[in-house]
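**Q** What follows is each chain in one-letter form.
There are 4 protein chains.
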Amino acid sequence: ILDDGGDMNAMVHRELQSLLPKVVGACEETTTGVIRLRAMVREGILKYPVIAVNEAQTKWDFDNVYGTGQSAIDGVLRATNILLAGKVVVVAGYGHVGRGIAERARGMGARVVVTEVDPVRALRAVMDGFSVMRMEEAARVGDLFITATGNIDVIRREHFEVMKDGAVLANAGHFNVEVSVRDLEEVAVEKRRVRPNLDEYRMPDGRRLYLIGEGRLVNLVAAEGHPSEVMDMSFANQALSLEYLAGRGREMGPGVYPVPREIDSEVARLKLESMGIRIDELTREQEEYLRSWRAGIGGA
Amino acid sequence: ILDDGGDMNAMVHRELQSLLPKVVGACEETTTGVIRLRAMVREGILKYPVIAVNEAQTKWDFDNVYGTGQSAIDGVLRATNILLAGKVVVVAGYGHVGRGIAERARGMGARVVVTEVDPVRALRAVMDGFSVMRMEEAARVGDLFITATGNIDVIRREHFEVMKDGAVLANAGHFNVEVSVRDLEEVAVEKRRVRPNLDEYRMPDGRRLYLIGEGRLVNLVAAEGHPSEVMDMSFANQALSLEYLAGRGREMGPGVYPVPREIDSEVARLKLESMGIRIDELTREQEEYLRSWRAGIGGA
Amino acid sequence: ILDDGGDMNAMVHRELQSLLPKVVGACEETTTGVIRLRAMVREGILKYPVIAVNEAQTKWDFDNVYGTGQSAIDGVLRATNILLAGKVVVVAGYGHVGRGIAERARGMGARVVVTEVDPVRALRAVMDGFSVMRMEEAARVGDLFITATGNIDVIRREHFEVMKDGAVLANAGHFNVEVSVRDLEEVAVEKRRVRPNLDEYRMPDGRRLYLIGEGRLVNLVAAEGHPSEVMDMSFANQALSLEYLAGRGREMGPGVYPVPREIDSEVARLKLESMGIRIDELTREQEEYLRSWRAGIGGA
Amino acid sequence: ILDDGGDMNAMVHRELQSLLPKVVGACEETTTGVIRLRAMVREGILKYPVIAVNEAQTKWDFDNVYGTGQSAIDGVLRATNILLAGKVVVVAGYGHVGRGIAERARGMGARVVVTEVDPVRALRAVMDGFSVMRMEEAARVGDLFITATGNIDVIRREHFEVMKDGAVLANAGHFNVEVSVRDLEEVAVEKRRVRPNLDEYRMPDGRRLYLIGEGRLVNLVAAEGHPSEVMDMSFANQALSLEYLAGRGREMGPGVYPVPREIDSEVARLKLESMGIRIDELTREQEEYLRSWRAGIGGA
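Protein chains in written order, with the numbering used here: chain A, 138 to 437; chain B, 138 to 437; chain C, 138 to 437; chain D, 138 to 437.
Any given hint could be a false lead.
[Said to hold, decoys possible] Lysine-lysine pairs mimicking DSBU-like chemistry, simulated, CA-CA at most 30 Å apart:
1) 301/D / 301/A
2) 301/B / 301/C
3) 328/B / 301/B
4) 184/D / 159/D
5) 159/B / 184/B
6) 301/C / 328/C
Hint data in this document are derived by calculation from the structure and do not stem from the laboratory.
All chains should be built: construct the whole structure from the sequences, respecting the hints.
**A** Take a look at the structure:
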């Protein structure tokens, strides 16, 4: 079973239970699907092994950092045609997606401010050269806000109230809940569509805020989602994972499994090959050295 | 016990066994020490819990990426005074240390080439905008080589033979084995010290190669090691880990433990505070949302 | 007279000569227009002063480096949706436009190769961390080509013949002559439109090359030209230049004049103010120091 | 005559006037020297042509942007061993030197603030992604200050009074006047040398400020000045300029001349060649096109 979102796996377990004995295994593409599967494991109802393709390094890291990093910027440009150079771009969240966006925004000449709730991530953002502050401060200085936290109401009434005239709001994270559209609708005295995917909200004091794509994922709404260059790796992970399950699925108990490391490596290897890039191989002496080293130096 | 390298823990187990019952726990600062401890676990001889401070995010990531990234560049400049802008810098290995060095070399205006044996890391380097190729090709184009692989003979005779006149060699990884000094000594017809920490090797065909600090760690030999800004986080991790062990060490079985996540967070929080940086806190609604989300959406 | 392209000035001189005595002066927005005006000066036929707004620092530098830099990348993304991270982007020409594009392409994670005919510019590109090579070599390694030279046939038959399958061609420079569409049409065995603004040319050996917007300016054809943030400075230069002419035009002889330095400064000052940015002012002591310094130190 | 600073030229005119008839021409390496020569021209006393080597593109741009950019950072690291990642670095002045330092500081992971008195330069800094503010604000947030303005008292008493404990001060510009050492000495209650080239000044309220190299040029005092890679271009300019003067000096009247464009190009070409880099040449059709284009399109 090749699933995307967890619906198929859920259906098989609920409505098509007669099929269960025939299922060797499945793989799941999304974060949401994996969360649902883990819940099934906790409840003891998952009946076959599932490989969480979503968590492959060649899926997770590349998709989110490089794919969404670019497509979120792309979406903002298509929706607004603003010049990023010299703008203050506030990125909420410094996980994979947030980091990708922050890097690309800086790459386009913006000054980037990061907001975070996790101190380790916040510190990493600082060390990567970004400004880090609380959203209540960032709200006052930002020209463009992009959320990527996976949480609700990251930008809300108290922030709208202090933003600069002309500030642009976009979400690259979760559904349409990160920028509180509800608060924005309540606080605004007028709303009009000024460009495709761009709504102007007029505040009681005359300031105008611009919301891209009704707060839904900017890279899907206003751009074209992931370029094929990152989707191909997801598909390769799925195909190789299914092949793996076909071979060994019967021996694996029910559960959520990571993508085997050798599949991850193989996908990366194929990708590099397709780009015409060759990398080094370990010499026999080097392999031996690594082995002995990992086995513990203090052996003698 | 606060250990750095694993020697103290080894000694206690071998020679001071009478102390063993009194030891509540230990923490270990280095990669080498942790490897030795894991070997002790495998052999069933470790008698108390040890926290691998080395693997704290606030130790591992920051030390290696930011600390060594800067200090390796610093070491090269002090040893050679070459202009990095416009140079081709070859970084061998794209782990934490290699990535840190590659970023900093690019930041100084160099064109950076990365070599790797791991396809996933190699692909990451490509996506981060670096050229990736085999060392046999990189050897022909590099002006400066910095190794950070943790393996032996990464640069060896076959590479020395094709390098450009004037190429500079430095090691930021493991002991003094990454650049094969033995091969270099064998292949060269003459050797002389041209600056402190810089030896010129003359090849039979007249080309000159320059080795920094006899192939030992460039950031220790030619610069001053980690700045205090990264050491303070290591020390904080050690102190808080010992405190943690004092409280709960008796309940923990023997073994190698990761630094508790809350200590990592606390170290980062203190560091941010010392930098005058404040970050957001989750609202009650946000905490609830995260909890319900992680518990599985498909619950209904 | 406020002109854009030189047509109005040409018409006044040829067909509306009765108006000439009333014209106090004019300003001209484009490179092309300024070139035409200079030709008129050489021929002794220009009858009034013209300010070359095009050459204001706040027009020329910002428009070309930051405006076209972003909009060329934007145009490529809209036309192709390719992932720039990890791609080899070849930028032909390292003038203002080329430099802007090269910076932004690097900022999106691409490896950038620059081609140039001017050694000083080529050297600057090298020092800025870009690879520089001849187009005949670059043609073999590039994934995306963007021309910005102001010359014809920068990419031509001999280059198409060695490009990789899938290479994308775009022009951000002059008309539609930089990529030789004529050669491409001749050399290809088949052509089809695969997306809006994107044509696929099939080579006799099966390789496919993709041309954006028929080789016309990628930022105009496939994106939306300059963002308002750079146009506002052009307009401000025009307005202030006209005001200047209204005041002093009668005293200025016929000719092409640069934008007065104080207008350039004023435009920049207004722009900064609109961004909420305040800058330092010289103290009286500093002004005095500068004056005496410029007057010559060796005075004594 | 090959001069560096203008002393030789001054001496020849004052004390060795008998030599004047024999002097074909001279070239001058420094800004200071050129300023003195221009003063001599104004006073009508310069008796032979002088080429201002200082103003060659291959001297001026490369020296200042790339050379001083790197060596100033290098000097700071040697003097302090601070970690730049995550620090706020305030660069005063965004001319060639300031821009070079700002780029390199960012490249090392710092957040860079620029201060300027010229609005056009300030705007350029903003568009390049740097924060721009007044020194009175920057003084409160900076961890490291580097001056590069060519003016006096850029950082002075009012700034020292609000700086953070631990702030580091360095000068990469003019003599030792940019950081007002006089004010610092007056305001401090204690001073001690904590490392070579690093003095700690204790403020009345206990804060400590650190001054590198007594406020003299950080790249000369604490590092090794320009790397040979930029000096070689200066020397090449001098040699070729002297050759040029030997050939044509007699025909040139007294005055200060720029380095002929063909020499600048030749120096860059030689430099590229020495780096193994080849660049494109114009085809005959391209040369013709450029010629006709520059001659005016509107010719018809």
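**Q** Hint by hint, which ones does the structure fall short of?
**A** Every hint satisfied by this model.
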